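J.: Place chains A and D on chain L using the hints.
Here's the letter readout for the chains.
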Amino acid sequence: MAERSRFDNTLGALLFIGMILALYMAFLQAPRERTMGDLQRIFYFHVPAGIAGLTALAVNFAASVAYLARKDRWWDSLALSAAELGVVFLAMVLVTGPIWAKPVWMVWWTWSPRLTSALVLWMLYVAYLLIRNYIPDPDRCAGISAVFGIVAFIDAPIVWFSIRWWRDIHPSPMLETGGLSPAMRPALWTCTAAFLLMLVYLLRRRLCLELARHDVEMLARRVQLPR
Amino acid sequence: MLEVRGLAKYFGRFTALRDFNVSVGRGEFVSLFGRNGAGKTTFLRVVAGLSRPSEGLVRIHAPGGETLTPQASRGLMGYLSHDTALYLDLTAVENLRFYAELHGLPHADSDLEARLALVGLAHWGHESVRNFSRGMQQRLAIARAFLHDPEVLLLDEPFTGLDQTGTEFLRTYLGEAHGRGKTCLMATHDVPLGYEMSDRLIVIEKGLVTLDVPKSALSLDRFQELYREVAKGS
Amino acid sequence: MIRRIWAVFRKDVLIEFRTKDSLNAMLFFGVVVLVVFNFALESVRDTMREAVPGVLWVAFAFSGTLGLNRMFAAEKENRSLQGLLMVPIDRGVLYIGKMLAATLFMLITEAAVFVLSLVFFNLTVWREIPYLAIVFLIGTLGFTAVGTLLAAVAANTRMREVLLPLILFPVILPILVNAVEATGIILNSRDYAALRLPLTIMAVFTVVLATVSYLLFDYVLED
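If you read the sequences in order, they're chains L, A and D.
Start counting the first sequence at 108; every next residue gets the next number (my numbering).
Start counting the second sequence at 71; every next residue gets the next number (my numbering).
Start counting the third sequence at 34; every next residue gets the next number (my numbering).
I should point out that these hints are in silico values taken from the structure, not numbers from a laboratory.
Since this is a predicted model, take the numbers as computed values, not measurements.
Even for Gly, the Cβ is constructed at its ideal location relative to N, Cα and C.
Please note: incorrect hints may appear among the correct ones.
[Said to hold, decoys possible] On the chain L side, residues computed to face chain D include the following (Cβ under 10 angstroms):
hint, residue
1, Ile238
2, Gly250
3, Ala253
4, Ile265
Isolated chain L, as found in the complex (with noise of 0.2 angstroms):
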């Protein structure tokens, strides 16, 4: 049932502080970056958010699947909170990008491949909310946009690999050989956790308000047929 629960206050309170844990560490902790000063601290933001944001994505997924093979309509609801929160999440890492990259590349954007990627990433997504938006029954709506969820997923990986080939500026290849400094490391993994945090608690507090609608629906289908 659609309420909120004690574990969500919980919830609430440990994201409070994880996110104050979080500020403290990456504007206090962590060192400042030599060349680019300052402004590099918008990493710890830029990095967490895409980080939770793919996350969402994939809950996308796995609930799309889980609905079409279950078809209960607590995964639809699941789906679309995700596919929201990874729209919201998508946005602030284009959002944290072009004002990291003005000053450091001197262009707000760049067509390379990690920024062209994000930026269909969350078109799909937006696609996919647009289509529940137009699809009046929930049930078909449901199917449809499970079907929709699942190939968007898909497709992502291979417009990852398809637009990659193009030379790339980005610093991409700074976590995979451990180039990232290890003194930023703990700002890192802290500011990670608090947004993969954020991301668990909100999710919760979506599906529960879109649970709490299917009771509306349910209610009103009461109230408009007296027995």
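T.: This is chains A and D only, laid out in the frame that chain L set:
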């Protein structure tokens, strides 16, 4: 033959069907009555598998008794509605050939023309359906819907748009199919006609079965009286 | 199975060749896009050759979208979809039949638009044609593989024609990017070895998304 248990169909806040329990035996002819929007069409569409139930289940049994998969059960049913489901830019023969091929039935010109002759369209086989009158289209729709000689005939206002001879033809056709042991579910507004053709009467009101009796239980006059009352009372 | 796919394909082709509704619109729109781009790229006329692949694929994609939007037109009229859905066949059959028909219509349009573009942009190709044909074929298959599924998705919504391009273009981006790249290689650098990468990505996209669409088509078909 057909078993519907605890069926409900919602469109968001709107309830089309609820608490729907019906089981229809092999060879029964059931007439469904109810006002516009009562849920007759939704019920037939759910049975046909065109629409997914929100709750409950619909089971189709093969003549032998075993339960069928959704795909196999579709092949056992024929669905005729007031929408003809014909391709207007194809000829009558082409329309039938397309469906015959999908069903894996013989589809030589002679087979198809014999089918057309059955519904009184013998010389119209190579005419584009766009030039057909509404009544002729409905005749062709009958030939199309029952091309594969289904066990269960689902009929949603099948008499719409048919002229006198067309109506007579469809009645004879359904009567004959019924005689051969086919199961029929027909939604109709025409109370006397529905009464006459069926052996069981079901009245649907706001998505609920409000009356389900064998025809022998009620005379036509009594049924009409009851039906009028139900329709007025809601 | 193949006989049934053929039946669906032939039915769509027969109706289209009889009415020519979609083909006329697709062809004309393709030409319109070429002309519009000619004006839009006025300032870079000298390097027009480099822009041709992009212009071509935008024209193909736009006219293709027009065709996909009409794809379920015959099924909506008289609700023929109802009849189709009652047939006890795997609904993937409908997907493949319709996808192949859409592919044929797009290829016809592409051929015509391409020939016109040779005239408009003063290009001479001859030996390149087989390579171009391969790129056009794979690109179109990828486009219709997703397009057929998404056309059915859009047909379920209130916005139909408006929605399709919005949901289709982000998904087929890999096809567009690689097809433009491949066409550019053929028209400009002629380094055919470099074709392998874009063609592979396009082929992978087509196979993966066609399989997914085939499996999911059943869920988007409701009359």
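J.: Please go over all the hints and tell whether each is borne out by the structure.
T.: Taking the hints in turn, this is what the structure says about them:
no. : hint   : in the structure
1   : Ile238 : 6 angstroms, holds
2   : Gly250 : 5 angstroms, holds
3   : Ala253 : 7 angstroms, holds
4   : Ile265 : 5 angstroms, holds
When each numbered hint is compared with the structure, no violation occurs for any of them.
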